[in-house]
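Q: Work out the full structure: start from the sequences and follow the hints.
There are 2 protein chains.
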Amino acid sequence: MDNALGDLTVVEGASFIAGPSCALHLAQIGATVIRFDMIGGGPDYNRMPRTDTGESLYWQGLNKGKLSIAIDLRSPEGRELARSIITAQGPGSGIFVTNYPETGFLAHNALATQRADLITLRVQGWGDGRNGVDYTVNAAVGVPYMTGPTDIPPDQPVNSVLPAWDLMTGAYGAFAVLAAVRRRATTGQGGEIRLALSDVAMGSLSNLGQVAEVSLGADRPRSGNALFGAFGRDFRTRDGHAVMIVAITPKQWSGLVAALDLDRAVAKVEAALGLSFAIDEGVRYAHADRLYDLISPAIAARDLAPLTKALDRNSVCWERYRTLKDAVENDPRCIAENPLFDPVLHPGGSTYPTAKGLARFGGDAGRPARAAPRLGQDTEQVLADHLGLSAGQIGDLMDRGIVAGQ
Amino acid sequence: MDNALGDLTVVEGASFIAGPSCALHLAQIGATVIRFDMIGGGPDYNRMPRTDTGESLYWQGLNKGKLSIAIDLRSPEGRELARSIITAQGPGSGIFVTNYPETGFLAHNALATQRADLITLRVQGWGDGRNGVDYTVNAAVGVPYMTGPTDIPPDQPVNSVLPAWDLMTGAYGAFAVLAAVRRRATTGQGGEIRLALSDVAMGSLSNLGQVAEVSLGADRPRSGNALFGAFGRDFRTRDGHAVMIVAITPKQWSGLVAALDLDRAVAKVEAALGLSFAIDEGVRYAHADRLYDLISPAIAARDLAPLTKALDRNSVCWERYRTLKDAVENDPRCIAENPLFDPVLHPGGSTYPTAKGLARFGGDAGRPARAAPRLGQDTEQVLADHLGLSAGQIGDLMDRGIVAGQ
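Protein chains in written order, with my numbering: chain A, 1 to 406; chain B, 1 to 406.
If you are wondering where the hints come from, they were derived from the structure by calculation, not from laboratory data. These numbers come from a predicted model, not from an experiment. Incorrect hints may appear among the rest.
Here are a few chain A residues that face chain B, going by a calculated C-beta distance under 8 Å [unchecked claim]:
1) GLY129
2) TYR145
3) PRO149
4) ASP151
5) PRO153
6) VAL161
7) ALA164
8) LEU167
9) ALA180
10) ARG183
11) MET202
12) GLU213
13) VAL246
14) VAL283
15) GLY392
20 Å max Cα-Cα, derived SDA-like pairs, lysine to any residue [stated by the list, open to error]:
16) A:LYS251 to B:LYS325
17) B:LYS268 to A:LYS251
18) B:LYS251 to B:ALA310
Quick reminder that beta carbons are idealized off the backbone N, C-alpha and C, glycines included.
A: Here it is, written out as structure tokens:
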């Protein structure tokens, strides 16, 4: 299963997160991904974070396991070469992932004259062609006005640090590509798939019921660290650790009450209000403040170690807040004992935990994580294997600066 | 293309976001999705937000366009019925999306005795089987300590309101299912795919270079609303509107400088520092405070209307912050002029803008958005069409409370 896409060859001409992560997902379960870049690197080649020696860890993370070819994309000959790589023949080829503008030299219709059944996934900022990145799209769809402490003024945005729309677009793009490959196998037809961050954002907010919510009613106000619609919030232990505790299902709630020995206190509130918190999360949400008034002191009266035992014994849904470094170094579920990660030596000489594909297929250990390429390290191989160029032809292209090795 | 998965039948026994959104993606490009629920609804059936009449907009958003069958999953006969639906024969059937526990009555190995080539996508909290939801996983991997204003104490978490890991798991799950279907078509083999929110989170942070960053160095500190590694932040106009402006590429930066007539002021700073901001986003990031000191007053000196013209004329990457309701009602790109949305009448009598599948295939208008089912509305149809039960058999199951209609 780890090699389910072993017969596919995907060409990537993309930068930043969405396009490259889409092709990464495909590569991690077997597709050969040829990423072409401008000689010297595209706009994301030096993106931070970087190693001490200047290697972009961001670029390495998004491009691990891909083949890299460097082309002078400003020259007509280099552009023609890129088009030839994209439209190379073969039943598993002819798949192109890009965020280049739809009107440029990599327009789908122009490419399709060279290969009629080409599949292009074009990542866009906005569906109408306007430019946009995760952060600007997020501002436009309202998430920063829902995020953050309740004592921040309502008109003060709090940005997300996680580029969720980029990541989601990458994953959905991989899904859309496989759907298109599937259709091509039966109908022979390719085509262009356009996937806009703005559509991913608005569509997701529709799928979550939030577009409906504001269409029929008011905006959702900030709720700080509390979950909307259910019981869940951050608490602090006696020894100062922040924990996130959630009780969405009846079992999670009863477990929490039992873990904190609050059965009688909760029953008293239930009697006073004439209701039960046991079944309906909405009832817990409606009276969340009353419940927080019980739970907070109970957490604050316990140190983390005994609290951990009590919560885990009762299958409560909770976690301790950690920084990422703390998680990487001290939570064995994240890296040390996680089969998702392999230590990998990357260009520039750094070895660090590197993720495989995100799913575990049939109990396999998974296809091993692979190193990022050096920029242009596969230029010769791609030209020889995928375009069938001779050593002389490749040497000539290199001499004239149309392509470059590493 | 909108019907690329028209030959697939997916059975969903899942709740909350990740599993249901995975099946939703499949349904939106043609798959028949049969969702089974406990009679009376599963744990997400009443999840907020709700309409005035108590319909869950969350449930409707995640389950639109699916068939709904209601079964008494506590009875042995109901459980056997669910298993029969999951393992029904047919080349495009035998695909199961779930977040039920791996050890329960819907364990893959038990199901596979009834259909050997069954594909199961099992969404999990943690890869090791521990329970977890988006909010707890997010706490454990460090995002809340990176989010929020810089003047919040470092040990005070700021939760994400967007369930990014859930959404990403749903999209990646749809990708993984298609990969498995593809493999089954050639090898005849099914299998179980386990997809944990924790793996999606840690793997994504690896793909972004952040696991490498903290493995090799320190935690990334909070940066408020400013982008990490490039120029981007919120600003406020003279008439009080918050705007998010980003300049990652050289063109975005030169456009911003030109739009604000800051060429000479920027050149002065460049001369004083002996460097250029034109090419390297890292240089802009390293001296971001100096640049914000120029840009902020320039924005604060302009009202939104003339600023909009200047920024758009220069192709600056920016957006005005809006609430979601503001975006839905007043930004025509989001709903009014967006082919992603159709107005749809849903159970309970509410009509609201409803999203189609997130990608635009080959310029199609897209498969129309569909209404959510009423719980159990397709019970009879599913039993007749998918299991071949007679009207008498169905009536008997209903009479005995093993299944229920709407």
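Q: For every hint, state whether the structure bears it out.
A: Against the structure, the hints come out as follows:
For GLY129 (chain A), the suggested interface contact is broken, since its CB lies about 10 Å from the closest CB of chain B, more than 8 Å. Checking TYR145 (chain A) against chain B by beta carbon gives a least distance of about 5 Å; that is within 8 Å, so the hint holds. Given hint, PRO149 (chain A) at the interface with chain B, holds; its Cβ is 7 Å from that chain's nearest Cβ, closer than 8 Å. With a cut of 8 Å, the hint placing ASP151 (chain A) at the interface with chain B is violated, because the nearest CB-to-CB distance is about 10 Å.
With a cut of 8 Å, the hint placing PRO153 (chain A) at the interface with chain B is violated, because the nearest CB-to-CB distance is about 10 Å. With 8 Å as the threshold, the beta carbon of VAL161 (chain A) comes within range of chain B, its nearest partner Cβ sitting at about 5 Å, so the hint holds. About 4 Å separates the beta-carbon of ALA164 (chain A) from the nearest beta-carbon of chain B, less than 8 Å, and the hint is met. A cut of 8 Å between beta carbons decides the hint on LEU167 (chain A): the least distance to chain B is about 5 Å, and the hint holds.
The beta carbon of ALA180 (chain A) comes within 7 Å of a beta carbon in chain B, closer than 8 Å, and the hint placing it at the interface holds. Hint on ARG183 (chain A) holds. Least Cβ distance to chain B is approximately 4 Å, under the 8 Å limit. Nearest Cβ of chain B to the Cβ of MET202 (chain A): about 5 Å, under the 8 Å cut. The hint holds. Given hint, GLU213 (chain A) at the interface with chain B, holds; its Cβ is 4 Å from that chain's nearest Cβ, closer than 8 Å.
For VAL246 (chain A), the shortest C-beta to C-beta distance to chain B is roughly 6 Å, which falls under 8 Å, so the interface hint holds. A distance limit of 8 Å between C-beta atoms decides the matter here; for VAL283 (chain A) the minimum to chain B is near 10 Å, and the interface restraint is violated. Hint status for GLY392 (chain A): violated, given a least beta-carbon distance of 35 Å to chain B, over 8 Å. Restraint check: the Cα-Cα separation between LYS251 (chain A) and LYS325 (chain B) comes to about 34 Å, which exceeds 20 Å; the hinted pair is violated.
Restraint check: the Cα-Cα separation between LYS268 (chain B) and LYS251 (chain A) comes to about 64 Å, which exceeds 20 Å; the hinted pair is violated. Restraint check for LYS251 (chain B) and ALA310 (chain B): the C-alpha separation of about 15 Å stays at or below 20 Å, so the hint holds.
Consistency note: the structure conflicts with the earlier hints numbered 1, 4, 5, 14, 15, 16 and 17.
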